[in-house]
Amino acid sequence: MSLPLAGHAAEGTRIQVTGEIIDTWCYYSGVMGSPDAVVGSAHHTCALWCSAGGIPVGLLAEDGTVYMVLKVGEDDQTAGGDTTLKLAAHTVEADGMLYERDGLNYLVVSDVVSDLDITNQNHDDYGNVPPFSIPDPNK
Amino acid sequence: MRPGLRTTSEVVRAALMAITLVAGMPAASQSPFPVDIGGPYALLDQNGQTRTQADPDGKHQLLFFGYANCLNICSAALPLMAQVVDELAADGIDVTPVMITVAPDQDQVDTMGAPLAEIHPDFIGLTGEEDALQVAYDAFKVEIEPLFQDPEYGWIYSHGSFVHLLDGDGELLTLLPPILDVAQATKIARGYITPQG
Chain A
57 MSLPLAGHAA
67 EGTRIQVTGE
77 IIDTWCYYSG
87 VMGSPDAVVG
97 SAHHTCALWC
107 SAGGIPVGLL
117 AEDGTVYMVL
127 KVGEDDQTAG
137 GDTTLKLAAH
147 TVEADGMLYE
157 RDGLNYLVVS
167 DVVSDLDITN
177 QNHDDYGNVP
187 PFSIPDPNK
Chain B
3 MRPGLRTTSE
13 VVRAALMAIT
23 LVAGMPAASQ
33 SPFPVDIGGP
43 YALLDQNGQT
53 RTQADPDGKH
63 QLLFFGYANC
73 LNICSAALPL
83 MAQVVDELAA
93 DGIDVTPVMI
103 TVAPDQDQVD
113 TMGAPLAEIH
123 PDFIGLTGEE
133 DALQVAYDAF
143 KVEIEPLFQD
153 PEYGWIYSHG
163 SFVHLLDGDG
173 ELLTLLPPIL
183 DVAQATKIAR
193 GYITPQG
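For the protein sequence lines, the chains are A and B, in the order given. Note that the first sequence covers residues 57 to 195 in our numbering. Note that the second sequence covers residues 3 to 199 in our numbering.
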């Protein structure tokens, strides 16, 4: 079941955008590393933790614009559900509605046209960011 | 990221980069939120009193779904809410911070008040029977899923992401992503409570 749109006309713009599903907390805070390090394969594990823990996911478009993802496809929850976990760090081609509100870009993804998997293979450059996102089995 | 958030939430607040999601001046007249969020609920606060989506004093509300010992997003969202409440109070605007628990086994009437009071003395914690809580989860499109059991803190849950700004009747005005810094979140909230122009 998809989320119903609000009863009154909420003006949105249909867009198609390609970009990476990112962990918005680590991307904006800088606390885990530079923006280049907290995306892609280097940050995949942490992005899973953050998404599961409630951090809103975003879509980082090729032009650098970040869209706050309100929902994806048929998930009946706001920025949650299994779909966002499966797409963490993946590059996707998304079709959806853009709502600009409070200076933020909110995206309701109606269709993930293609899931290109993790295309940003940056773990050779950065390793696992942060290293402790993979628990040490010896501790 | 759980370990990082546990120890660095205050650092993170200070270190938030100049977000490209620059919070513009909100307009109360803008379109309703594009996703239909919100609705009635009736739960118990930390004093055992029934509280609904409407604030008894008609104040605006900041609502988040979390739990008192949550080490994930709550460690960012709840302090953010507290700071926004204080910033608005400095302008003479009273806003009530409210948390609806996603872990009623851990957050009970007699246990959730103290940890919330450490975050802000005005924090209202709400809990209740499973059916009553599910009504609120459904209304606000919040999904809750147990992730794993921490030997020290009990069950760790996946849950909702956004802080909800509600009016005194409990109607949604807008969402505040908890990645915003205090100034940005306050600016957005103020724009709905005291609209300009």
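It should be emphasised that the hints constitute simulated quantities derived from the structure, not laboratory data. Computed from a prediction, not measured in an experiment: that's the story for all the values here. Beta carbons: idealized from backbone N, C-alpha and C, even for Gly. Heads up, some of the hints might be wrong.
Pairwise CB distance ranges, derived in the manner of DEER restraints [as the list claims (entries may be wrong)]: (1) D119/A to D140/B: 31 to 39 Å; (2) N194/A to A119/B: 34 to 42 Å; (3) G129/A to E173/B: 47 to 55 Å.
If you only want the chain A side, here are some residues facing chain B, beta carbon under 7 Å, derived [what the hints assert, rightly or not]: (4) W81; (5) G110; (6) Y182.
Okay, the hints, checked on the actual structure:
1. D119/A to D140/B: 31 to 39 Å: holds (37 Å)
2. N194/A to A119/B: 34 to 42 Å: Holds, since N194/A and A119/B (Cβ atoms, about 39 Å apart) stay within the stated range.
3. G129/A to E173/B: 47 to 55 Å: 27 Å Cβ-Cβ, so the 47 to 55 Å window is violated.
4. W81: holds (5 Å)
5. G110: holds (3 Å)
6. Y182: Cβ of Y182/A sits 15 Å from chain B, so the hint is violated.
Violation of the numbered hints given earlier is confined to hints 3, 6; the remaining hints are satisfied by the structure.
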